Every structure is written in structure tokens, then in C-alpha cells.
Amino acid sequence: MIPSTLLSHLESIIGLTGLLTAPEDLMVYSYDATLTEHQPDVVLLPRTTQQISDILRLAGESGTPVVPRGAGTGLSGGSVPVAGGIALSLTRMRDILEIDVQNLTARVQPGVVNADFQAALAPLGLFYPPDPASMKACTLGGNVAMGAGGPRCLKYGGTKDYVLGLEVVLADGEVVHTGGRTVKNTTGYDLTHLFVGSEGTLGVITEITLRLLPQPEAKRTMLAIFDELDDASRTVSAIVAEGILPTTLEMMDNLLIQCAEDFTGAGLPRDAAAILLIEVDGFEEALDRQVATVQQVCGAQGVREVRIATTVKEVDDLWLARRTIIGAVARRRPSMVLQDVTVPPSYLPEMVARVVDIGREYKLPIGVLAHAGDGNLHPLILFDQRDGEEMAREREAEAAIFAASLELKGTLTGEHGIGLTKRKYLPQALSPREMELTRGLKALLDPHGILNPGKIVGGDGEGPA
Amino acid sequence: MKGPLDIYNEDIVRCNKCGFCQATCPVYQVRRDEALAPRGLLRLIRALGDGELSPSEGYAQRIYRCSLCGVCAPTCPSGVEVDGILQAARDDLAARGQLPPALQELGRTVQASHHLLEDAAEAPLAWAEGLPRPSGGVGARVDLVYFVGCVASAFPEAQSIPRAFVQVLERAGRRYSLLAGEEWCCGYPLIVNGQRGEARELMAHNLEAVRSFGAERVAFTCPSCYHVWAHIYPQELGDLGLEVLHATQLLTELVASEELAMRPLPRRVTFHDPCDLGRRSGIYDAPRQVLAAIPELTLVEMAESRANGFCCGGGGNLEVLDPELSQAVAERRLTQAQATGAHLLVTACGRCKRSLDAAAHRKGVPMEVLDIVELVEKVLDNGA
Numbered sequence: 007m008i009p010s011t012l013l014s015h016l017e018s019i020i021g022l023t024g025l026l027t028a029p030e031d032l033m034v035y036s037y038d039a040t041l042t043e044h045q046p047d048v049v050l051l052p053r054t055t056q057q058i059s060d061i062l063r064l065a066g067e068s069g070t071p072v073v074p075r076g077a078g079t080g081l082s083g084g085s086v087p088v089a090g091g092i093a094l095s096l097t098r099m100r101d102i103l104e105i106d107v108q109n110l111t112a113r114v115q116p117g118v119v120n121a122d123f124q125a126a127l128a129p130l131g132l133f134y135p136p137d138p139a140s141m142k143a144c145t146l147g148g149n150v151a152m153g154a155g156g157p158r159c160l161k162y163g164g165t166k167d168y169v170l171g172l173e174v175v176l177a178d179g180e181v182v183h184t185g186g187r188t189v190k191n192t193t194g195y196d197l198t199h200l201f202v203g204s205e206g207t208l209g210v211i212t213e214i215t216l217r218l219l220p221q222p223e224a225k226r227t228m229l230a231i232f233d234e235l236d237d238a239s240r241t242v243s244a245i246v247a248e249g250i251l252p253t254t255l256e257m258m259d260n261l262l263i264q265c266a267e268d269f270t271g272a273g274l275p276r277d278a279a280a281i282l283l284i285e286v287d288g289f290e291e292a293l294d295r296q297v298a299t300v301q302q303v304c305g306a307q308g309v310r311e312v313r314i315a316t317t318v319k320e321v322d323d324l325w326l327a328r329r330t331i332i333g334a335v336a337r338r339r340p341s342m343v344l345q346d347v348t349v350p351p352s353y354l355p356e357m358v359a360r361v362v363d364i365g366r367e368y369k370l371p372i373g374v375l376a377h378a379g380d381g382n383l384h385p386l387i388l389f390d391q392r393d394g395e396e397m398a399r400e401r402e403a404e405a406a407i408f409a410a411s412l413e414l415k416g417t418l419t420g421e422h423g424i425g426l427t428k429r430k431y432l433p434q435a436l437s438p439r440e441m442e443l444t445r446g447l448k449a450l451l452d453p454h455g456i457l458n459p460g461k462i463v464g465g466d467g468e469g470p471a
Numbered sequence: 029m030k031g032p033l034d035i036y037n038e039d040i041v042r043c044n045k046c047g048f049c050q051a052t053c054p055v056y057q058v059r060r061d062e063a064l065a066p067r068g069l070l071r072l073i074r075a076l077g078d079g080e081l082s083p084s085e086g087y088a089q090r091i092y093r094c095s096l097c098g099v100c101a102p103t104c105p106s107g108v109e110v111d112g113i114l115q116a117a118r119d120d121l122a123a124r125g126q127l128p129p130a131l132q133e134l135g136r137t138v139q140a141s142h143h144l145l146e147d148a149a150e151a152p153l154a155w156a157e158g159l160p161r162p163s164g165g166v167g168a169r170v171d172l173v174y175f176v177g178c179v180a181s182a183f184p185e186a187q188s189i190p191r192a193f194v195q196v197l198e199r200a201g202r203r204y205s206l207l208a209g210e211e212w213c214c215g216y217p218l219i220v221n222g223q224r225g226e227a228r229e230l231m232a233h234n235l236e237a238v239r240s241f242g243a244e245r246v247a248f249t250c251p252s253c254y255h256v257w258a259h260i261y262p263q264e265l266g267d268l269g270l271e272v273l274h275a276t277q278l279l280t281e282l283v284a285s286e287e288l289a290m291r292p293l294p295r296r297v298t299f300h301d302p303c304d305l306g307r308r309s310g311i312y313d314a315p316r317q318v319l320a321a322i323p324e325l326t327l328v329e330m331a332e333s334r335a336n337g338f339c340c341g342g343g344g345n346l347e348v349l350d351p352e353l354s355q356a357v358a359e360r361r362l363t364q365a366q367a368t369g370a371h372l373l374v375t376a377c378g379r380c381k382r383s384l385d386a387a388a389h390r391k392g393v394p395m396e397v398l399d400i401v402e403l404v405e406k407v408l409d410n411g412a
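Residue numbers (the working numbering), protein chains in the order written: chain A, 7 to 471; chain B, 29 to 412.
In case anyone wonders, no lab produced these hints; they're calculated from the structure.
Computed from a predicted model, the values in this text were never measured in an experiment.
There could be a bad hint or two in this list.
Anything over 12 angstroms on all C-beta distances counts as not near chain B; from chain A, calculated [what the hints assert, rightly or not]:
#1 26
#2 32
#3 38
#4 111
#5 119
#6 268
#7 390
When the alpha-carbon atoms are kept at most 20 angstroms apart in a straight line, the in silico EDC-like pairs for lysine to aspartate or glutamate are as follows [to be verified]:
#8 161(A) <-> 311(A)
#9 430(A) <-> 404(A)
#10 319(A) <-> 329(B)
#11 430(A) <-> 440(A)
#12 319(A) <-> 313(B)
#13 319(A) <-> 332(B)
#14 30(B) <-> 120(B)
Using N, Cα and C, we set each Cβ at its ideal position, and we do this for glycine too.
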């Protein structure tokens with residue numbers, strides 16, 4: 007509970023319309039896109055950096071937890087206020103402050119929606135590569151805080167590769183500016199990237215300077231259809247080994263093809279064991295050769311058919327099917343957990359095979375979805391959260407997937423973050439010394455542990471930071 | 029006893045909170061508050077069912093802060109029938125006697141006066157002042173009845189719509205009649221309040237009135253009246269034995285049979301899909317065909333059009349409950365219209381016209397807003 011004096015101070019900072027305490031409001035700020043829920047004590051919707059600075063100063067003085075959030079589309083529980091306190095929604099800070107066409111950079115507020123930003127860049131012939139599936143809803147601030155990725159990361163890299171500078175409000179309310187506006191910058195420690203992917207545990211990001219790229223001249227989108235899942239995953243490794251770097255190389259297995267087709271009717275082959283959605287981009291003249299090489303590699307791995315999308319609508323339909331799949335699986339079972347394990351691409355066939363085995367062992371349907379080209383898998387475990395026994399099996403399957411990834415030289419998460427859901431596995435991925443360093447950084451920047459407590463390290467079960 | 033929400037129990041659980049609905053919901057887009065987004069509303073509705081929340085005033089205030097535009101449903105990857113659930117949540121609240129006071133008042137007015145506005149019920153043909161009498165007469169037996177609707181008959185800024193429509197009918201030589209004082213509210217305001225049962229008397233009266241004219245067709249310039257007649261009347265009253273058509277459908281008929289000659293209009297125009305005409309009734313092509321028949325007119329679509337059309341903010345009785353929110357939604361739609369470079373925004377709904385026109389005035393934006401029948405009337409070639 008937050009004392010009423012603190013509430014009235016907060017209200018004087020933020021005004022009447024930016025402070026919510028009704029039970030209905032606390033309920034809808036208690037979750038992200040995972041199953042975890044915990045209510046905050048108050049929801050604040052600030053509009054300025056100054057307000058956030060004032061809020062953090064007050065929170066620090068009173069030891070009140072502050073949990074920043076964007077659109078709440080996260081997939082690791084990162085924005086769930088597990089210790090109560092303040093849910094700090096940054097969605098109303100939604101201005102694109104500057105698009106610098108000469109220097110290929112932009113300054114944005116954290117509440118700008120990824121797709122709105124893309125839409126503003128497109129007429130200028132520019133783009134911002136990170137394209138999480140939730141891009142129409144998720145915010146750039148959330149993307150930076152969680153280190154979001156997306157299909158295009160295969161060729162272009164993830165959010166961290168595009169953040170040049172940040173304005174951050176520190177735990178004591180002080181505002182700092184890290185990095186700058188240049189792609190090259192080796193001035194001291196890289197504080198900017200300390201905050202990228204820090205999940206709101208080290209500071210509140212209030213302004214972001216991003217690097218932009220010119221749009222590629224042309225692209226080609228292909229759909230490769232396989233009768234064996236294993237052939238599809240071997241094709242992925244083979245394409246990467248061939249030295250081609252497609253823009254995207256996405257994999258979906260039969261279960262997910264069915265779900266996607268139920269929602270979109272995009273014309274995916276319901277009888278296929280797996281499909282690969284492959285896109286190449288670049289100069290028009292270079293694309294035919296890339297397409298030919300991809301076709302050749304697919305052919306050598308026993309592909310049934312490679313279709314090349316010929317209209318904008320065909321391309322859009324394929325991507326709609328891919329981007330909405332996480333929601334669309336809910337048509338099959340009421341509950342879903344999505345993993346984000348990532349292995350080096352050459353280990354992908356082995357990892358996919360292990361996921362299939364784990365599904366069999368724990369008797370759970372697991373859909374295999376992957377940004378396959380960069381080895382980033384999203385196994386979707388389907389179950390019913392109302393069934394306690396099934397829920398227990400889901401937990402075990404989850405642990406087995408993490409163990410397999412680490413064994414295959416992979417990571418716990420490629421682009422969703424540790425948040426709550428992977429926290430207990432962190433010591434399996436990091437050495438004791440790395441854990442200690444991580445805690446040390448947290449203690450340095452957030453000595454009183456008010457910033458998103460309970461995430462990554464610190465808080466319950468971790469002992470004092 | 030089964031409540032209105034019971035049939036949706038499984039559907040509500042299926043929402044896996046992906047948040048994609050926030051990308052399209054007009055209310056969330058302007059407020060950026062998750063309590064007003066479909067995902068949030070579904071969570072509250074689930075909580076009501078689980079007993080975590082009571083049907084408090086706070087709950088009702090949130091449920092009704094929605095224009096029922098329905099764009100959330102096609103956006104939902106999980107296939108949750110969000111629009112049906114949001115209507116059922118209203119039915120449930122109304123049955124519990126928990127309508128917000130402003131909507132309670134609206135419901136009382138409609139039930140008592142049989143009109144959206146009490147005063148307007150007294151002068152049902154005020155909009156037609158100075159026009160020649162309808163070719164088919166008022167209250168006379170004729171094939172086609174024009175059901176004017178409360179918005180167009182009562183609000184001065186929308187009255188030009190029925191005026192234009194009847195002139196177009198006259199020009200095309202179509203005989204039609206009006207119900208005048210026998211035209212009651214179609215029932216839409218009660219239905220979206222959640223008071224469908226209370227709307228039944230209005231529906232039965234209107235159907236009987238049209239039948240008594242011996243009419244075979246009934247036409248509407250208001251897409252909400254049209255939607256209610258086309259989809260809800262048959263559910264409540266059985267087969268109507270009538271052809272129900274929106275003005276845009278009748279206009280395409282007139283255009284196709286060359287009953288209307290239209291002069292060139294060399295202008296860039298954008299079209300706003302009314303939610304009740306588009307998403308609720310699936311009529312996207314008819315208005316576009318009419319626009320295409322106007323020589324030299326260039327139609328430029330807005331970023332969100334047809335099934336993805338962004339609401340004007342006027343639906344779902346939102347304007348009555350929260351005018352400021354309704355206006356903010358309209359202003360956002362206006363911005364989308366401006367982005368097309370057009371200075372003429374055409375729609376096919378008196379309510380959309382009012383919302384968008386008022387937004388243009390407030391913002392001082394040089395955007396002319398017309399209903400499609402007004403536009404057609406203005407470009408009729410008078411052979412001079």
C-alpha cells in the first residue's frame with residue numbers, strides 16, 4: 007500500500023488524469039502478454055521527463071517500487087509489478103522529436119509505437135530494422151528496455167545495434183544523457199548499452215536516439231514448403247553456411263501453419279510439416295541470383311516446393327500469418343507459453359529435434375516457431391492453465407528446453423528478456439562471478455532496489471542487491 | 029439464470045493478452061490508457077465473471093467508454109469475438125440496472141418520445157421545410173419508403189442529408205414516401221445501451237408502419253438505422269418481407285442504370301467508412317462505386333480504411349457519455365484524412381459527418397465534410 011501523503015504528492019506532480027488507483031485500473035496494469043499478474047498500488051501516466059524525475063525522487067525517498075512499461079506486450083513478465091508500487095506507463099510520451107535525414111538518426115520518446123515510427127520513416131526512404139511481431143502495438147521504449155528483435159535481425163541486427171544514445175532518469179531522479187548521435191563512439195564505457203535490455207531495472211528511458219538505414223531498393227519473399235521438419239531446419243543451416251544472409255529466415259511447423267491458416271487464410275499449405283518464410287533484399291539486379299541460390303539449397307535438402315510471392319498482397323498475407331501466430335495459437339488451447347531460446351545456427355536442427363522430443367516426453371503440444379536464420383527459437387507450449395497437472399508438466403518441459411539450449415552453446419533468451427519467467431534459470435546461464443557483477447551493477451545504479459524489483463536479479467529469492 | 033455474457037465464457041478465456049487490439053482501438057489510440065483498450069476491458073469482464081470485481085460504477089464507466097466500432101474483432105489473432113463480448117457486457121450491465129446516468133437518461137428519452145431527441149419528435153419533417161412534397165406522398169402507399177432516422181431529422185448540421193437524398197430520388201424519377209410522425213427511433217441507442225428488450229416496441233412499430241404503406245423496399249441514409257433494420261430486426265421480428273437497403277446501394281443502382289447524370293468534379297476526395305456500414309454490414313464497395321461514377325473525381329484512401337477503418341468516435345453512444353473522448357477520436361481520424369492530401373472528406377452517415385465536421389471546425393482545418401448523398405446532389409447535372 008502507498009501512503010496517502012505520497013499519493014497526493016504524486017498527484018501534484020502528474021495531475022488528476024495521469025494517476026489511477028481504481029481497482030479496475032490496477033487490474034489492467036497488472037500484466038503483460040504472459041500469464042503472470044500482480045497489481046501495482048498506483049498507475050502513473052507521465053508526459054514529461056521532469057515528471058518522471060520528480061516521481062523517482064519521491065519513490066526513492068519512500069522506497070516505493072517503480073515499474074516502467076510500454077504497451078504491455080512483453081513476453082517475459084518484465085513489466086509485471088510483482089512488488090506492487092508504481093506502474094509507470096510511458097505510452098503518453100509518444101512524440102517523434104526529430105528525424106535527421108542527413109545523419110540518418112532519429113530522436114524519439116519512449117511511447118512511440120514501433121510501426122508508427124516505421125510509417126513516419128517510409129516516405130523518407132528510410133527504415134528502422136528491428137521489427138518485433140507486435141510492432142503495431144509495442145513501443146520503442148519497451149523495445150529498448152527489453153532488447154527486442156524481430157525477423158529482420160538476421161541481416162540487420164537487433165535493437166541494441168541501433169541505439170546511439172539515451173536520456174535516462176536514474177533511480178535518484180537525476181537525468182543523464184548517454185552516448186550521442188554518432189554510429190562510432192568509443193568515449194568511455196558504453197553506458198548506453200548498459201541500459202539497453204536492462205528491463206527497467208537500472209533507470210527509466212525517457213528519450214532514445216536511434217540509427218536509421220536507407221530502405222533497400224527491392225526485396226523478394228519466398229515460401230519454402232517441406233514434408234519433413236528436419237529438412238526445413240537443415241535447410242536453414244545450409245543457407246547460412248552458403249554465405250547468403252537473407253533479411254529474414256522464419257520457420258513454422260505444421261501445428262502453427264494450421265493455427266495461422268485458421269486466422270488469416272493466407273493460403274499456407276496445411277499438409278506441410280514445416281515452412282520457411284525467406285526474404286532477401288538489396289539491389290534489384292542482385293536479387294535473382296540470391297533467389298536462385300536459395301532455391302538450389304532448398305532443393306538439395308528435399309524441399310517440396312518454393313513459391314515466390316508475386317504481389318504485395320501475397321507478401322502481406324504471409325507476414326500477417328507470421329506476425330499474428332502467437333495470438334492465433336490461442337484458438338487451439340486456452341493457455342500458451344512462448345520460449346525464446348537461441349542457439350548458433352548450425353545447432354538449429356539438433357535444437358528443433360530436441361524440442362519435438364520434449365513435447366513428446368511431457369505430452370504437450372509444442373509449436374515450433376523460429377527466427378531460424380539466427381538460431382532464435384520460439385517453441386510455443388500449449389496447455390490449459392486451469393489444469394494444475396498440465397501446468398506442472400509445462401514447467402518441466404520449459405526447464406528441459408532451457409537446459410537443451412544451454413547445452414547446445416545457446417542462450418536463455420534472444421530477444422524477449424529475462425523478466426520474471428526466466429529469472430530462476432539465470433544462474434544456469436551466468437557464472438557465479440557474472441551473477442555477482444550483475445548484482446554489483448544493479449546495486450550501483452539502484453542502491454535502494456526501487457527499479458522494477460524482482461526482475462533479472464535482486465528482490466525476493468535473490469537476497470538484497 | 030443465464031446472463032448475456034455466459035455464451036462468451038470460453039471466448040473470454042481465450043484472450044491471451046497479446047495486446048494487438050491496442051494497435052487499432054481508436055479509444056486506446058487517443059487515451060493510451062489500457063483500462064480503455066479491448067484487452068483491458070476483456071480482463072475486467074473476466075474479473076466480473078470470476079467475482080474479482082463487482083459491477084460497480086467504475087466498471088460501467090469503462091465498459092461504456094467504447095464506440096463499439098468493432099475494429100478489435102478482426103484484429104484479434106486469437107479470434108476472440110471482442111465486439112460481441114463488449115455488447116454483451118453492456119446488455120449485462122443494463123440488466124443489472126447499472127447504466128451510467130447519462131445513458132439511463134438517453135434510454136428514458138428514446139422510450140418516452142420514440143426519438144433520440146425529445147423536441148424533434150414534435151416536428152418530424154422539420155428537415156424538409158421548403159422542399160416539394162414527396163412524389164409518392166407522405167403516408168401514401170408506395171414501393172419505396174425512405175426511413176430518415178433521428179440524427180438526420182433532428183440535428184441541423186445533418187438535415188442537409190435527407191434534403192439531398194430526396195432531391196436525388198426526385199431527379200432519378202423514383203417515387204418514394206416518408207413515414208413522418210409514424211417513424212420512430214430505429215432502436216439503435218437502446219440496443220447499444222444494452223437495452224435491446226426495451227427497443228422491441230420501437231422495432232415492431234416501425235416494421236408495421238412500413239408494411240402498412242405496402243412498401244417492398246425501405247432505404248436508409250443512416251448506416252446505424254440500416255444495420256439495426258438489416259441485422260437485428262429479423263432476429264427480433266422474424267423475416268421482414270422487405271428489401272432493406274442503404275442509400276449507397278440505391279445510388280449504385282441509379283448510377284448503373286444511368287438514371288443519374290453527374291457533372292465532372294476534378295477533385296481529390298477521401299472516404300470514411302462508417303462502422304455500421306462497413307464492418308457491421310460489409311458494405312465497402314457501394315460508396316466507392318458511386319464515387320467512381322463521378323467523372324474526374326480521384327479517390328485517395330486513408331491509411332486505415334475499409335475493414336480497418338478508424339472510427340469517427342460517434343458510435344456506441346460514446347458522444348453522450350464522454351463528448352471529449354468522442355471528439356478526440358474524431359480529431360485523430362481527421363488527421364488521417366488530411367494525410368491523403370484531400371480537402372473533401374466524404375462519408376455515408378449523418379453521425380460520422382457531424383463528428384468529423386465538428387473536428388475540422390475545432391481544429392481550423394480546411395476540410396469539407398459531406399455525406400455521399402449530399403455530394404451526389406451537388407454534382408447532379410441539371411442539363412444546363
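Verification of the supplied hints:
no.: 1; hint: 26; verdict: violated, 7 angstroms
no.: 2; hint: 32; verdict: violated, 9 angstroms
no.: 3; hint: 38; verdict: violated, 7 angstroms
no.: 4; hint: 111; verdict: holds, 24 angstroms
no.: 5; hint: 119; verdict: violated, 7 angstroms
no.: 6; hint: 268; verdict: violated, 7 angstroms
no.: 7; hint: 390; verdict: violated, 9 angstroms
no.: 8; hint: 161(A) <-> 311(A); verdict: violated, 24 angstroms
no.: 9; hint: 430(A) <-> 404(A); verdict: holds, 12 angstroms
no.: 10; hint: 319(A) <-> 329(B); verdict: holds, 16 angstroms
no.: 11; hint: 430(A) <-> 440(A); verdict: holds, 15 angstroms
no.: 12; hint: 319(A) <-> 313(B); verdict: holds, 19 angstroms
no.: 13; hint: 319(A) <-> 332(B); verdict: holds, 16 angstroms
no.: 14; hint: 30(B) <-> 120(B); verdict: holds, 10 angstroms
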